[in-house]
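2 protein chains.
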Amino acid sequence: MNIDDLILISVDDHVVEPPDMFEGHIPARYKDAAPKVVTKDDGTDAWVFEGQEATNVGLNAVAGRPPDEYGVEPTKFSEMRPGCFNPADRLADMDIGGVEASLCFPTFPRFCGQTFLERRDKDLALLCVRAYNDWMIDEWCGDSRGRLIPLCLIPLWDPQRAAEEVHRNAARGCRAIAFSENPAALKLPSIHDAERAWDPLLAACDETGTVICMHIGSSSRLTTSSRDAPAAVMSSLTHINAEISLADWLLSGHLARFPDLTIAYSEGQIGWMPYVLERVDKVWENTRAWGGVEDLVPEPPSSYFRGRVFGCLFDDTTGLVLRDRIGIDQITFEVDYPHQDSTWPDSMAIVEAFAPMLTDEELEKVLRGNAIRMLGLEREGSMT
Amino acid sequence: MNIDDLILISVDDHVVEPPDMFEGHIPARYKDAAPKVVTKDDGTDAWVFEGQEATNVGLNAVAGRPPDEYGVEPTKFSEMRPGCFNPADRLADMDIGGVEASLCFPTFPRFCGQTFLERRDKDLALLCVRAYNDWMIDEWCGDSRGRLIPLCLIPLWDPQRAAEEVHRNAARGCRAIAFSENPAALKLPSIHDAERAWDPLLAACDETGTVICMHIGSSSRLTTSSRDAPAAVMSSLTHINAEISLADWLLSGHLARFPDLTIAYSEGQIGWMPYVLERVDKVWENTRAWGGVEDLVPEPPSSYFRGRVFGCLFDDTTGLVLRDRIGIDQITFEVDYPHQDSTWPDSMAIVEAFAPMLTDEELEKVLRGNAIRMLGLEREGSMT
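Going down the list, the sequences are from chains A and Z. Heads up, the first sequence is in this note's numbering, so the first residue is 53 and it goes up one at a time. Heads up, the second sequence is in this note's numbering, so the first residue is 53 and it goes up one at a time.
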């Protein structure tokens, strides 16, 4: 495929961190304590950190497999496509899939860095967050000429240091952080915290034009009905995490208080958004008379959505039918490489199926233009 | 208002059981043990049953109040509009609101009879369920010439006796039961139970044309993000209970195994349904290769929706925009009298606002025709 033909920008893919990820990024005195990949007696690989083993070295990294093997988790690096962890191979897989540029969420740190949040030694955890970000920017994205877009982590347990990390990364061109769709579920202050615990972070994102990206599962929870429900029930309902979070943010007042703050929902799709937007406005209106949230949210909540909240779809014609209710400028596209929901390497077939629903201008926005605007890529000079 | 002008059929309203509800419906030997309303020293009313006090005598029964008093719960019968508990007054309020007929969910028993499920003496609890149903059919609906439509309870703890109760009530014209949107949340077998615990109930509903009505909150849960989230977040997300339940049912196989079974979601609205329908089909397709639910659900899950699953809206233009993806025959209307979400007495203003979106035929189906078909009202001769 000729690079001139590459048109997709995917705002939600996943990197599997290679075993040497922390090498050269952690101070020498922490060399022994830093996370390490060990190969166990049974031949599987695991990250070991603070005495705990994490076997999710390649959680759901099933790209390239036949669908009947999707249900089997890879247990070692040799069972994964090199594109999962090697940037040169990733770029080749992006070529195959017609993907110009890609924003990747972490694997071992989990969707927003919960692994580091849960560690006892917070000095080391902070060094790990910084090491991840340095590796992300310098090694994962480094040689890609802008095709691999940096997504950084923050120390979730310290909003002031998180703000510092946002500034440190913005200064070298990173315009996106991974955050939790529901920090209260991680035993952190909720976004409604009376002391406004998150304000330093929100102000830093507001000032630097850093988008807050919230992946489904970044609350360390997924929704299902019951323990004996088929796995398909949980798969069908992953968007509910984004639904709860969208109502939460629209009613939090943060988008009113920080006028340049933008948030993005990753892997949440969009077809459910118009119902939530209509409903939050009606609840806001109905509860005005007895207090409600009017002090925090002076205008109807949906009025803070356009230009400020981005959704992304991988396969969702319902959302495209409703694009005027969402706002075509708020819709981005994702491939979700290398996970089970991924459309790779056939994303272009999905695009071709829905393309007739859109004008050329709308299609360009969804596949590419909105991601460039959301992530400030034109400011970095890498894309126009 | 002339009765010829009454056109709405509301499939989700609420009755507040009057203090004498159980009188004459419980055998004499249980007279002392039956639930009773007591007026407490502070002047508030409470149901007393098995030594426990339930102060929800008029949970959220705020009809007729100015909106700035919606946040204050009524604590005694004298604080409620008589239409909450008196059928003659209810019919008068229905006249005011332009409502021809109404299906009412319980209050003291909770949305699907959880109050009786939680009692220790299951013999008495079964008598209470039967007493409720007798009162519902004979006293609440009795003199209304079909305008108050019976909705019966079942003994949730015993699917065989539940089936018997369905048959007993169907024989006297009742075509609707209240069931839980998620019985597993009530510590009952889930609808995926390997032993098919619910089959006797499902078979009885299938045979008698009894629709299974599931109200939001009938799992004794509502969804919010965090303890300090404003109440508006929970109010905005009530439909998530129906969303989880719809995916659950579509992937359960019950609609394939019981070809005449119909289910209805009450107070869940509909604008989110098309996304779920599209998503469950894609998950079903994607997981076929590794097992998935194909044995239970032989056709794409959404193919069991039309004619079998009903949604209802009280104020949801998103759902109406998407009516072709839902199926116009699956959409019913609700007033939600006397709760806070109710549009009473201004439901007709809501209808007038969305009526231009629909053809006359579509409007008639949503406001009236689909409810008649769903509840089998034409079979009873009360409506045509």
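It is possible that some hints are incorrect.
Copies of the same chain are indistinguishable here, so a pair counts whether it falls within one copy or spans any two.
To be verified - Here are the computed lysine to aspartate or glutamate pairs in the EDC-like style, where the Cα-Cα straight-line distance is at most 20 Å:
id: 1; residue 1: LYS92; residue 2: ASP72
id: 2; residue 1: LYS128; residue 2: ASP147
id: 3; residue 1: LYS128; residue 2: ASP333
id: 4; residue 1: LYS334; residue 2: ASP367
id: 5; residue 1: LYS334; residue 2: GLU351
id: 6; residue 1: LYS174; residue 2: GLU430
id: 7; residue 1: LYS128; residue 2: ASP312
Keep in mind that the hints were calculated from the coordinates and are not lab data.
Pop the pair LYS128 and ASP147 into one bin, within, between, both or neither, using alpha-carbon distances up to 20 Å.
neither (25 Å within a copy, 69 Å between copies)
Up to 20 Å between alpha-carbons, please classify LYS128 paired with ASP333: within, between, both or neither.
neither (48 Å within a copy, 32 Å between copies)
Status of GLU430 relative to LYS174 across identical chains (alpha carbons, at most 20 Å):
neither (36 Å within a copy, 69 Å between copies)
Using 20 Å as the alpha-carbon threshold, which applies to LYS334 and ASP367: within, between, both, or neither?
Result: close only across copies, 9 Å inter versus 29 Å intra.
Should LYS92 paired with ASP72 be assigned to within, between, both, or neither, using CA atoms and 20 Å as the limit?
within (17 Å within a copy, 70 Å between copies)
Are the CA atoms of LYS334 and GLU351 at most 20 Å apart within a copy, between copies, both, or neither?
This pair counts as within: shortest intra-copy Cα distance 12 Å, inter-copy 37 Å.
Alpha-carbon proximity between LYS128 and ASP312, which holds within one copy, between copies, both or neither at 20 Å
neither (42 Å within a copy, 49 Å between copies)
Of the numbered hints stated above, those contradicted by the structure are hints 2, 3, 6, 7, listed in ascending order.
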